Each structure stands twice: as C-alpha cells, then as structure tokens.
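S.K.: Let the sequences and hints guide you as you build the complete structure.
Next come the chains, spelled out residue by residue.
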Amino acid sequence: MSSLRLENLDARVKLFMLLALSTSAVFFRSPKVLLPIFLFTLALVLAGGVSARDAFMRVRGALRLIASLFILQCLFNRSGAPLLRAFGATLITRGGIAAAAYVALRLLIVLLSALIVLTGQRRDYLLALTQLKAPYEIAFMVMAALHFLPLLREQARDVMNAAQMRGARIKKAPIVKRLRLYVTLSAPIVAGAVRKSEQTAVAMEARAFRAYPRRTSMRRLIMKKSDWAVFAAFAVLLAAVIAGGVIWSRAG
Amino acid sequence: MISIEKIAFSYPKAKKLIFKDFSAEFSPGEAVAVTGKNGCGKTTLVRLLTGIERPSAGRITIDGEDTAGMDLFEIGRLIGCVFQDPARQLFCRTVREEIRFGLENMGLSEDEIESKTAKWAEFFRLDGKLLESFPGTMSGGEKQRVVLAAVLAMGTRYVLLDEPTSSIDMRARRALGELLRDIAAEGRGVIFVSHERSFIESFATRELVLP
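Read top to bottom, the protein sequences are chains H and S. As numbered in the numbering used here, residues 1 to 252 make up the first sequence, in order. As numbered in the numbering used here, residues 1 to 211 make up the second sequence, in order.
Just so you know, these hints were derived from the structure itself, not from any lab. Given the structure is predicted, the values throughout are model-derived calculations rather than measurements. Treat the hints with caution; some may be incorrect.
What the hints assert, rightly or not - Which residues of chain H face chain S? A partial, calculated answer using Cβ under 8 Å:
| hint | residue |
| --- | --- |
| 1 | 155 |
| 2 | 159 |
| 3 | 164 |
| 4 | 168 |
| 5 | 169 |
| 6 | 185 |
Claimed, not checked - Which stretches of chain S does chain H cover? Using the computed rule of at least three CB atoms under 8 Å from a CB of chain H, they are:
| hint | stretch |
| --- | --- |
| 7 | 67–74 |
| 8 | 85–98 |
| 9 | 141–154 |
Positions of the beta carbon are idealized from the N, C-alpha and C atoms, including for glycine.
M.R.: Here it is in structure tokens:
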C-alpha cells in the first residue's frame, strides 16, 4: 500500500496527474462539476501522504487572495436571481455566488494539484523531464526556478523586516503610502534575484555545466505496475474531461 | 532594561530546542558581547530580541513592556539592529535615502534629518559622491557601513549588532568599537554578537557566553 503514496509514484506520472487535474479545472466553469474535482483532488493529496496541516500551510498564503476574489465576485457579479436583499437593493445574486464558487474552486484545484509535484525528490523531476526528451538546460532551469522560489520569499521577508525594523509601519500605513513602500521594497528583491541567478550561472559554468553536448545520469526512472495503473486512470480522466468539455461547449 | 525570561524556542520542523528556560538581562549603559560556538543560537537570539521570531514559551520585555504585544516597527523604534548580512537590509536607491528612511519614520523634522544624515555619513566615510551611490553595487564593507549609519542614526535606546565587524576594515572597526563604547556611556544599551576576541576585550563591558 505504501507504494501508492504520492512520493513513491514515478515523477512522470505525477506531472501527468498535475496536467490532468489542472486541465479539468480550466475546462469546466460549473461549480457542480468543479466541486467533485476539488474534493477528489483534496482526497488524493491527503490519501497520498501529504498531511492536512502541511497542505494547509502550503496553500495558506493564497487563501486570503481566494477569499478576496470570492467576496468581490459575490458583490459585483449581478447575474441571476437575487439571493440577498437589504434596504431595497440586491446585495448577492445566484449568479454571483456561482461565479465566486467557480473562481475559488478552480484556484483551489490548481493549488492542491501542485502539491502533488512537491512530493518526492526534486531531482526526480529533472530526470523525468529529460527522459521525456526535454532539453537538459530547460529541465534544469525549471528545477532551478522551483528552487529559487523559497529563496525569493525569504529575501522578500528579510527586506520587509528590515524596513519595519527601521520604523516603517507597513501593515498600518494608509493604502497609498503602503503601495509606494511596496514598490520601493520590490526593487531590491528583484535586483537580488537577478544577482543570485548570475552567481548561480557562474558557479555552474565553473563546474563545467554544458561542457559536453549530452549529459547522462547514473539513475533512470522506471515505471512500475502501480505507476502504469495510476497513469491509465488519469489518462481516462483527462480524456473524459476533454470529451465532457467539448460536449458542454457545443451544448452551450 | 531588556529582560529575557525563561524563553523556549525552536525553528519549525526542527526537533531540537535552541533555547530552553533561557534567561538574560541587558541594561542600558553596558556593552554586552554575545559569544558562543557555531549554531548555539546567537543569531536566533538577535531575531528573538527584534521580534522577527517569537518565543514559544517565556517572554521578552523591553523597559517592562512585553514584546509579544508589539509590532516589528514598535520594537524597531526601541532597538536598532544591524544583521549579519547587510545586503539584506538595504532597499533604497541611494545611501542618503537609506540613512533618511529610519529618521523619517521616527518623525524628525527635515533639518534634524539632514543634519543627522550628514553626521552619520561622515562618520562612516560615506559622504561626498558615495552619499548618492546605489548601495546594491557597493562592496561588502561599504554595505555594512551604510547599514550601520542608517541604524545608528536613529538613536534608538538599544543597539543590537550581529557580527558588526565581519566586513569592515581596521580603521572602521576601531571607530565602531569606540562609538559603541560611547553609546553605552550615554546610558543606552549595546548588544553585539562577535567572534573577534580583540574587539570583545577592547570594547565590551560584559560577555554573555551562550551554552
């Protein structure tokens, strides 16, 4: 049973699962279809060995954005029958709720499905991409970009802390001043990222990156029976989603 | 006085507690050198004192006020801090703006801001052309001097420095040491993390060795 944990699945299968689930999220606009896909993705992530706490911590940052989008859609989408009225004015409509649910569910599915590829070894995705015939440089760049994200977040946090430690009231400043401050603080973060990427490039060149036209690896990913089974299941899901989406759009 | 009372702390996902039942006090008028072997928690102590990290048990008070209820900017107006990597504390377009940033947030008048900027730029040899330079492209030592000028100009009641002499030359080191001694003599508190024995022996009034 342990082999069915996400971290034990072949990296290529996990990339395919991400593709199938995120495609499903994009293909459908109805919350009635997106809700089961969301529940399925959530169950898959939790059953696959990602703890509920870990999943929450990873998507936590985006939850505020999703909640804001939900509220904005509820308030400003005026389509459909009125659902909530106050002082003679319509506050929330059925169409507003549906649009809000659609946006929130779509984002949650994409976020949760991304958790699938965060399981297992990062190096496996490099192998997966090269075994899928992606150029090594491209595969390496994708992996390097994933590696850079936490560094970028750490740098952003340091700069914010430094500004606050010099008396800047970032959270309590008026919105215009806060925006101006964010613009000021974003410049060193971007400059730092560029500098870091240049340093990484020099370090890689110094260790003979691209010295030979073809790069080999001692280890190769091998698909197991369980990998093929999961791959087949998701291929069916993806085919069904695409067929369903086409039928839906023609009917609409 | 800064008082650390029986704090406990560990980083998320780390099994080992960095501090357990740890207590210490730092009084105004003294220059305390915090020392200890690598990984003992010197930089973590700096992060705890500045409110970037919060203890999981115990409390830290500054002049009797618990920092648990204070925002970073409120702590920043009491404790000026220079971190180990000065590059991560620089975010303005020029050295002048960098020094002015904290002074503006302290609510000083334009005249005071200008005179303090000129004074601290001169002290750390950042005046002239350097004052209008972009800090991001400066050398490590220059960056450290910019951060020192920007933080010390604020004139906070306590000054906290993590390895302040790691990148600066002998002349700036001596000037900084004498300055820290003067700040302590004024009745303000100085806490610095250092591995440099000669600097500690010359300028610290007390040494706190972390276990």
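S.K.: Hint by hint, note whether the structure agrees.
M.R.: Cross-check of the supplied hints:
no.	hint	verdict
1	155	holds, 7 Å
2	159	holds, 5 Å
3	164	holds, 4 Å
4	168	holds, 5 Å
5	169	holds, 5 Å
6	185	holds, 5 Å
7	67–74	holds (count 3)
8	85–98	holds (count 7)
9	141–154	holds (count 3)
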